[in-house]
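Here's the letter readout for the chains.
There are 2 protein chains.
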Amino acid sequence: MCESNVFIKSEEKEVLFYKEAVKIIPVGEDEFVIEGLLGEPQKISGKIKEINLIGHKIVFEKK
Amino acid sequence: MCESNVFIKSEEKEVLFYKEAVKIIPVGEDEFVIEGLLGEPQKISGKIKEINLIGHKIVFEKK
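Keeping their order, the protein sequence lines are chains C and F.
Okay, so the first sequence: first residue is -19 according to my numbering, each after it adds one.
Okay, so the second sequence: first residue is -19 according to my numbering, each after it adds one.
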């Protein structure tokens, strides 16, 4: 499967925010909802810094 | 593999912009570079409207 883990970067560290996301949809200025196959959707604030599909990794940076 | 096709949406139509992207990196305000496994990277202008990893589909919307 092609889920990606979503990380949030702050102070040069990348912290796992959401495991195995399947869908990311913008819901406002620098605000997104992340959906997974299981579990509740979660809102994240920040800018996308990297989408790495081979690495299964999406990185947001806090404003 | 987990490449996604990148579409650009304008006037309610989604047009294929880049086939089998593996990496998308912001390079400016609403500007991104798309990389694939093969072929040249390409710059795209617009806002991300949808990241659908299961559907292998990333949609941008023109400003």
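Some hints could be false.
Heads up, the list lumps identical chains together, so a pair's fine if it works in one copy or across two of them.
[Unchecked claim] Under the rule of at most 16 Å between Cα atoms (straight-line distance), these lysine to aspartate or glutamate pairs were calculated in the EDC-like manner:
no., residue 1, residue 2
1, 29, 15
2, -7, 11
3, 27, -17
4, 37, 15
5, 37, 10
6, 42, 15
7, -11, 9
8, -7, 9
9, 29, -6
10, 29, 9
11, 43, 20
Calculated directly from the structure, the hints in this document are not laboratory data.
Computed from a predicted structure; not experimentally measured.
Evaluation of the provided hints:
| no. | hint | in the structure |
| --- | --- | --- |
| 1 | 29 / 15 | between (19 Å within a copy, 14 Å between copies) |
| 2 | -7 / 11 | neither (20 Å within a copy, 24 Å between copies) |
| 3 | 27 / -17 | neither (20 Å within a copy, 22 Å between copies) |
| 4 | 37 / 15 | both (14 Å within a copy, 15 Å between copies) |
| 5 | 37 / 10 | neither (18 Å within a copy, 20 Å between copies) |
| 6 | 42 / 15 | neither (19 Å within a copy, 24 Å between copies) |
| 7 | -11 / 9 | neither (18 Å within a copy, 18 Å between copies) |
| 8 | -7 / 9 | neither (23 Å within a copy, 23 Å between copies) |
| 9 | 29 / -6 | within (11 Å within a copy, 24 Å between copies) |
| 10 | 29 / 9 | both (15 Å within a copy, 12 Å between copies) |
| 11 | 43 / 20 | neither (24 Å within a copy, 31 Å between copies) |
In this structure, the hints that do not hold are numbers 2, 3, 5, 6, 7, 8 and 11, in rising order.
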